[in-house]
Amino acid sequence: MFELVLIALVKSAVVLVALLLMVAYLTLMERVVIARIQVRIGPNRVGPFGLLQPIADGIKLLLKEDLIPSQADKYLYVLAPALSFGAAFATFAVIPFGDTVVLWGRRIPLGIADVNVGLLYVFAISSLGVYGIVFGAWASNSKYPLLGGLRSAAQMLSYELCLVFSVVGVLMLSESTSLSDVVAGQSGVWYVCLQPVGFLVFLMASFAEVNRLPFDLPEAENELVGGFHTEYSSMKFAMFFLGEYGSMITTSAMITTLYLGGWRGPFFPPVVWFLIKVVAFLFFFIWVRGTLPRFRYDQLMKFGWKVLLPVSMANILVTGLVLACVG
Amino acid sequence: MNAVLAILNGFRLTLRHFFKRPITVLYPERRREFSSRFRGLHTLARDEQGLEKCVGCGLCAKVCPSFAIEVVAAENTESDRHNNTERYAARYVIDIGRCIFCGYCVEACPTEAISMTPRYEMADYRRDSLFYTKSRMLPDAGAPGTCGRKEEGAAAQEGRPR
Numbered sequence: 000m001f002e003l004v005l006i007a008l009v010k011s012a013v014v015l016v017a018l019l020l021m022v023a024y025l026t027l028m029e030r031v032v033i034a035r036i037q038v039r040i041g042p043n044r045v046g047p048f049g050l051l052q053p054i055a056d057g058i059k060l061l062l063k064e065d066l067i068p069s070q071a072d073k074y075l076y077v078l079a080p081a082l083s084f085g086a087a088f089a090t091f092a093v094i095p096f097g098d099t100v101v102l103w104g105r106r107i108p109l110g111i112a113d114v115n116v117g118l119l120y121v122f123a124i125s126s127l128g129v130y131g132i133v134f135g136a137w138a139s140n141s142k143y144p145l146l147g148g149l150r151s152a153a154q155m156l157s158y159e160l161c162l163v164f165s166v167v168g169v170l171m172l173s174e175s176t177s178l179s180d181v182v183a184g185q186s187g188v189w190y191v192c193l194q195p196v197g198f199l200v201f202l203m204a205s206f207a208e209v210n211r212l213p214f215d216l217p218e219a220e221n222e223l224v225g226g227f228h229t230e231y232s233s234m235k236f237a238m239f240f241l242g243e244y245g246s247m248i249t250t251s252a253m254i255t256t257l258y259l260g261g262w263r264g265p266f267f268p269p270v271v272w273f274l275i276k277v278v279a280f281l282f283f284f285i286w287v288r289g290t291l292p293r294f295r296y297d298q299l300m301k302f303g304w305k306v307l308l309p310v311s312m313a314n315i316l317v318t319g320l321v322l323a324c325v326g
Numbered sequence: 000m001n002a003v004l005a006i007l008n009g010f011r012l013t014l015r016h017f018f019k020r021p022i023t024v025l026y027p028e029r030r031r032e033f034s035s036r037f038r039g040l041h042t043l044a045r046d047e048q049g050l051e052k053c054v055g056c057g058l059c060a061k062v063c064p065s066f067a068i069e070v071v072a073a074e075n076t077e078s079d080r081h082n083n084t085e086r087y088a089a090r091y092v093i094d095i096g097r098c099i100f101c102g103y104c105v106e107a108c109p110t111e112a113i114s115m116t117p118r119y120e121m122a123d124y125r126r127d128s129l130f131y132t133k134s135r136m137l138p139d140a141g142a143p144g145t146c147g148r149k150e151e152g153a154a155a156q157e158g159r160p161r
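Here the protein sequences line up with chains A and B, keeping their order.
The numbers in numbering that gives the first Met the number 0 rise by one with no breaks, and the one at position 157 of the first sequence is 156.
The numbers in numbering that gives the first Met the number 0 rise by one with no breaks, and the one at position 118 of the second sequence is 117.
Don't take every hint at face value.
[Claimed, not checked] Cβ pair distances, simulated, as ranges:
id, chain 1, residue 1, chain 2, residue 2, range
1, A, Y24, B, R90, 55 to 63 Å
2, A, Y24, B, R97, 31 to 39 Å
3, B, R30, A, I67, 45 to 53 Å
4, B, E120, A, F266, 33 to 41 Å
5, B, D123, A, G57, 29 to 37 Å
Rather than coming from a laboratory, the hints here were simulated on the basis of the structure.
Predicted, not measured: the structure shown is a model, and the values here were computed from it.
Ideal Cβ placement from N, Cα and C applies to all residues, glycine included.
All chains should be built: construct the whole structure from the sequences, respecting the hints.
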């Protein structure tokens with residue numbers, strides 16, 4: 000028992016540190032990739048190739064004055080960034096990032112926990128992220144954050160639907176909500192080949208889910224100043240961004256797990272394959288940001304409810320029919 | 000369908016840009032070449048005999064739209080001769096902080112004494128060192144860039160215009 004707890008603790012710590020490092024360097028990667036798309040160079044002054052830039056940014060943010068507006072709801076105001084940060088990182092707990100390894104004579108599955116309701120857990124926790132944003136927006140007691148928070152609540156709820164519906168197709172194929180079973184089910188063919196429509200819907204909905212361009216309306220800076228984080232400064236502000244980039248990573252990991260065979264791949268060790276796929280998706284996230292402009296709010300809602308939702312439901316129907324005919 | 004094609008086309012374009020060479024010039028290490036007609040810091044010329052071309056007429060000060068130039072003329076004497084005309088500029092100060100680099104002073108100058116160089120790095124930590132005096136703008140004032148700091152004291156001494 001004790002050993003199990005210890006292993007879980009060590010795994011959690013390792014994953015958390017790895018995720019935080021990835022988040023830090025994701026910000027650098029984003030800046031460099033966006034710069035290259037705009038035929039610029041990007042940060043290259045701090046350390047070789049700008050590699051110490053995230054650390055410099057972190058120190059700067061830590062040293063900034065930490066303001067709490069006098070009219071703010073203090074408890075919620077402090078809770079919100081923590082919630083948004085926590086939700087983003089907690090999701091990773093059920094994602095398997097490698098095969099079992101044998102260390103000191105014991106078999107350790109790579110993945111913090113293999114829950115048999117893994118998928119439900121992921122959606123439950125990632126929906127909590129909305130609370131982080133809405134609480135922060137409400138607690139700031141200021142108009143721009145409130146507007147941003149409202150937008151974000153509406154947006155995330157509507158896209159969460161499409162997200163879940165598109166995953167139902169995967170569930171029908173894997174016949175299990177455990178993510179390691181989903182990966183095991185892709186030992187032959189990746190689900191992206193069997194579920195191309197579901198994959199596309201999931202991909203688009205996840206952009207809305209993590210507030211990335213072209214769906215970054217909650218923080219549309221030219222309309223809402225900063226959206227939900229307008230009143231935040233210092234480390235609380237940074238926490239929101241850690242949360243946002245963290246959920247980018249977890250979402251990429253989810254797409255990888257659900258549709259691209261998780262850690263499966265030839266030649267390289269499983270963890271490497273997992274990282275390659277996740278980083279490829281992160282690159283795609285950034286590439287999209289460098290390409291597409293922001294949607295208007297009504298376009299966003301129309302797209303979600305009138306295009307993505309019907310398509311994902313049709314996808315379930317077709318998948319069900321095909322499965323019924325085949326087996 | 001058209002919209003989807005347009006989006007895919009956008010992705011192609013951005014990816015093509017991604018593999019292009021960045022056009023950024025890494026500034027302090029590398030500098031852009033500017034046209035010789037670039038309107039940067041002013042310089043005062045000397046003629047073939049090494050005498051000042053400026054005769055202290057003050058037309059540049061008159062024409063200057065931002066009142067950045069101050070000229071105080073004085074008579075040339077036998078013992079203190081700056082050029083072969085009657086008068087010379089005893090005091091010639093351009094407040095670079097006010098200058099808008101329009102080049103009217105250069106156009107107005109009857110003796111072609113003042114002209115503009117492609118030098119553009121004139122930022123400084125002190126307001127006083129933005130007063131460019133005659134000693135800093137004559138061709139023998141030393142290499143540009145060093146003169147600013149070397150004669151900071153002198154510049155402050157000669158004082159602000161107006």
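Hint by hint, here is what the structure shows:
Separation of Y24 of chain A from R90 of chain B is about 59 Å and conforms to the stated range, judged on CB atoms against 55 to 63 Å. Our hint of 31 to 39 Å for Y24 of chain A and R97 of chain B is violated, since their Cβ atoms are close to 46 Å apart. In this structure, R30 of chain B and I67 of chain A meet the distance hint of 45 to 53 Å, their C-beta atoms being roughly 46 Å apart. The hinted window of 33 to 41 Å between E120 of chain B and F266 of chain A is violated, with their beta carbons roughly 54 Å apart.
Range check, D123 of chain B to G57 of chain A: Cβ separation about 33 Å, and the 29 to 37 Å hint holds.
Hint compliance for this structure: hints 2 and 4 are not met, and every other hint is.
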